[in-house]
Each structure stands twice: as C-alpha cells, then as structure tokens.
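In order, the protein sequences belong to chains A and B.
Start counting the first sequence at 13; every next residue gets the next number (my numbering).
Start counting the second sequence at -18; every next residue gets the next number (my numbering).
Derived by calculation from the structure, the hints in this document are not laboratory data.
Where is the CB? At the ideal position from N, CA and C, for every residue including glycine.
Be aware that a few hints might be false.
So the derived list for chain A, only partly shown, Cβ under 7 Å to chain B, looks like this [said to hold, decoys possible]:
1) E161
2) G225
3) T227
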Amino acid sequence: MKKITISDPTLRDGSHAIKHQLTAEQVSRYCAAIDKAGVPIVEVGHGNGIGASSIQVGLSGESDIKLLEAARSTLKHAKLGVHCIPGFATIKKHIKPALDLGVDIVRCACHCTEADTTRNHITFVREQGKQAFGVLMMAHMAPVDILVEEAMKMESYGAEAVIIMDSAGAFLPNRIETIISRLCDTLNVHVGYHGHNNLGMGIGNSIVAAGAGATIIDGTARCFGAGAGNTQLEILVPVLEKLGYSTGIDFYKLLDAADLAEKELLQSAPRVKSISVVSGLSGVFSGFTKHVERISKEYDVDPRDVFFKLGERGIIAGQEDMIIEEAYALHQKKTGKPL
Amino acid sequence: MNPKQLEMIKEDCSRIFRDPDRFSALKNESVLITGGTGFMGSWLVEAIAYLNDQHGFGTKLTLVARDIDRFNQNQPHLASRSDISFIEKSVRDLIDIPGDVSWIIHAAGTPDNRAHSSNPLDVIDSIANGTMQVLDASTRLSNLKKIVNISSGWVYGAQPKEMPRVPESYISGPDSAVITSAYAEAKRMGETFCSVYKGQFRIPIVTLRPFAFIGPYQLIEKPWAINNFINDAINGGPINILGDESTIRSYMYPSDMVNWILTVLCEGESGLVLNLGSPEGCTLREVADMVCGCIPGETVVISQTLNRKPKHSVFVPDISKAQEKLGLELSVSLQDAIKKTIEWLKLG
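Sequences and hints are given; from them, build the entire structure.
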C-alpha cells in the first residue's frame, strides 16, 4: 500500500485566519488532540513562519518560542515542524533557538523562483542533524521547468523533501499533475503538496498530487488557514485511505481533533467567499485577503479590482505595501483626484 | 587538531610511503598545489610534509587558496611549517607562479553541489578560467616537469545503468540543459584547456577524474550520502537514506587517493587521463548498513518510501587503465575507510 505522510499546518497557516493571535493554550489543546490521532507532522507558529511577526505581515499574539514550547511539551509522537522564510527567519535568532527547543523539521520556504535564498538555512538545519524541507511558495507563478530547477537546487542544498505550495489556491488539477510528475521524475527526495481552497480545489488537487507521486500532503482542520482555507484535513485523510493510500491516522480521533479546532481555534470557519475566488483567479496570495478588504474599504474601491491589479503585477507575500499603492491608484482613477 | 587525529594521518602516510623511492622525483623540488587547503589539498600537504620529515625529501610546497586563515586555524601544524608557503588568492587571479616551481597539482574547484546550484556562474568561472589561468602562468615556468589536472568523474555525465564501471574511453557528457551540470561542464572545459595547452605549448599534463572519497579531513556535514549516513550515526541515528537506496556509489580512502595522485605526478606520461576512485560499487543501502555496523548500539537505517519507480544512478570508475599503466591498486576497503573516518571524527 502506498504511504502518504500527512503534515498538518493548522497551527501555522491557521494563524493567518485569526491575525496571528494563537495562544499557547490553544496550541497545547490542539496538539494533544492531533497527536492522539497519529498525525505525523504538526507545524506551529506565525502564519508567515518563525520570525515573521511584524507590522508588515501581522504581529503575533504570542512569541514563536511560547507557541513552540507549548507544542513541544504536548506532542508525544508527532514531529514538530516550523515554517521558515529566510529574511523573516534568521539562523541565529530564530532557527537555532527553535531547534534547541526541540523542533524536528524546518520547512525552508521561498518564492518559487528564489530557492537560492534557502541554501544557508537548509544547510544549517541539516548540519544540526534535523530534517529540512524546501517549500516553493506561490508555485502557480512559475512554469514547470523553473519549478524543477528550483527544486533541484533545494535538493542539492540537502532538502529531504520539496513541497509545492499553492499559496493563492490558484492551481487546477492538470497543472498539479504535470508539476508533481516532473518533480518526481527529477528529484531523489520526497515531493509534497500544500493546497488552498480558493477555487474549491484543495482536496481534488491533493489527490491528483498523490496520484502523480507526492508523498507528503498538507491539510488543516476545518480548512483553518489563509484566505479560503487549506485542504481540509479530516476529509483529505479518509479520501486518501479510500483511494488505497495509507496515512496511519486514526479517523475518529482526527474528527475529534477537527471538532476541537472548530470550537477552540476558529473565530469563524474559513469558507470560499467571493473575494477568495477572486484571490485564486488573480493568483494572489490567500493571506492578502484581510489586508485587501481593509485597505479597499479605506480607499473606497472594489477589493476585487485590487486583487486583479495585484495579480497583474505578480505581487507576492512581503509586498503587502503594494496593496495600498494599487488601492490608491484605483481611487484616483475612480474619483479623478488624490485623497 | 587533536594529536591523536594527527597520529592517524601519519600512520596512513607511513603506509603510503613504504617505498618512498617511487616518489624521489620530488626530492628537493618545488611543488605548487592549487586548492591546497581543501580536502584533497590537505591530504597532499600532509603526505609531502611526511616525506620531508621522515624521508628527508626537502620538497618545497606552495599552496594557492582563497582562505588561508581557515587553514591556519584548522591545520596549525601545517600552516607553521617552513617548507610551506602560501599564495592567498583565487586561481582566477593567479598571474605568476614562483619561478622555481617544477610540479603543479591543480586541485582547485569545490565539489560541493550546494555551491554548484546556488552560484553556477562563479563555479564555471573559477574552474574553467582558473584552469586557463594556471596553464597560462605555467607556460612561463622554465623548469616545469608536470601538471596534474584534477578534473571530475562527473565529466562523463550520467553513467549508463548497464555499465557497472565507467572507463576513461567512454565518451559522453553532462546534460547541458540543467543548471546542476555547471561543475561537470566546467571540469570538461578545464580538460579541453589542458589538451590545448599540451598541444600548443607542449606542457606536460596528466588528468585525473576523481569519483567519491570518504576519510579524515572530509567535512562530514557535506550533503553527500555517506557523509550524511556517518553524521546521522554519530548523532545517534537513525540513518536516513534519501532517494533510491539501490543507487550505486564507490568510495576511496584518502591515503589511496594521495598515493595515486603523487604516483601519477611522478610517473604519468603526458596526455594520460585516468579515473581516480574505487571500483567497488555498493548500493546506498549497503553503505548505510556498513556505517550502522561500525557504530555500537542500535542505530537503524530508514529508507524512504517514494511512491514512484526506482530511479537509481551509478557512479563507479573502471580503474583497469590505472592498474595496467602504473600498477595502482587500492589498499583500504570501504569497511575500513568508514571505521577509520568514524574513529577520526570521534577523536575531534
């Protein structure tokens, strides 16, 4: 039976949905439940990864260290993972303390064309004897040849897996099949997929990815995640099992963990709102949604127009200030005068 | 460095030089080594220092390297020797070679594939242009006796799976369409430069194509399979096999490597091209099990389950030409090489 490793970023990607206000108490409770279910990897921290707490992308309610300590002291079986974007996260200030605290896996992420930026971080993690994965974010923005090339770089730095991240929920199944197949043909390490639900493709794309050879699939409880939410974990697991894959996860306990997440973590369940569809179609990072809505209101412009303008410019995470620029330009066009 | 580690190196050198007369051409001569502070360079320096100390060779060494401070820090016992001098610069900037140099071992160029992927243009520049620079400077030497160009086994490109050992006569090449071929392509270009300088300037040059090595002085955190296995094992395991466990590799112990390089330097006929490595191919699973067996305790080997067709590669040299031409053989088995490497690392 083919094995799929499930990685659960509920306590990381979900952080976007509540403006990074997860508490250590919430982390402990969810970790206890998901650990019982046998989910092998649990990711914890700020939505943009360790070290990302900032005015630009959102200040965390609790420090990375407190959240990770809470997770580490609760998880008995699952590996503890962190998302790490070089630039936000530095080796000395963020990765080393995280590893010292007992983090097992560091997922070193970058925009899909910038694998070079992950070299030092991946190398450091491997030198410490821990697992390093490479993550290519906003993967819909690059052609398959570029993705393969960037993934090869990550493998050469020592990444033990390369994850294709559909940050904007923009992929359709045919492209996923092509990309994952090409990566599996080329790489010697695990290939993974992280989906978002903007176009309702979270589960569908994940299944296609598994069929094309991906061995690590991400999913979050009740879709808890940025924008329209992620691939829904408690649906993903039984569907994979039904298709003949083995995840090693206890279904009932997984459902219990998802119920707990709904009760303990979610202020409102992520759903595919109209603006999320626009985010997916325009290919803009799901995590921009709240910022776009707020700024569009402030400038009295249609957030859908802002999203499409941002999509035309190929804006990526870290360029949140461009939202203001586009909203301002639309406002000027609409009113014919500056604010 | 720990004195016990130094003792191990000296013991290895004593085994290489049971018959030091074979290397007598180097007596009272001046040798220049580019890449003199890397893994290969460090071993060559240890060996020549041993010849000087134990057999009174009086060989003078000049090392060309970019980072002499690191060498001073890591190998102070060598850095402080009066028979060794340094030129701190990239080979790309090497305008002049000291006039008394009569032997050159051109070993510059990092084999670290992390650098090959992240900075391929620099890799190409330093290998290809660096080789041309060394060759150019060597044309001005009045007493040049030989250059050994350290190329790479990767110049063959992907070794066919049905070919258990690749001979020097195999003509193929790296896939120029992928970025990770930069190192192999540059090494190939370096070989071409050598042929041109040999033909046009009558410079005596031999080329060695190294494969894989394991032993002291190799940085264990390098992202290569056997290094990872040893690193995992030393850290308490488990040993993780990344990729296809049926991938085949072979490993040469550095004392054999040094013996081969110096023999080729002294006896190799100009124009000779030889593989440098072990012909004993092992699967990654066999290598991991061997590492496991060398560590007391209950270290386990974990293989990845990748839901795809096996995709193993082979990287093993045919060494029959080296055996026939120069009588070169291997004296350290892979099992012993692993044991010695672990012992050396534990002493550090």
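Item to check | Minimum beta-carbon distance criterion (7 Å), T227(A) to chain B | outcome: Hint holds; T227(A) Cβ to chain B Cβ min 6 Å, cut 7 Å.
Item to check | Interface hint outcome for E161(A) [beta carbon to chain B under 7 Å] | outcome: holds, 5 Å
Checklist entry - Given G225(A) as an interface hint, is the shortest Cβ-Cβ distance to chain B below 7 Å? => result Holds, about 4 Å.
In summary, this structure violates none of the numbered hints.
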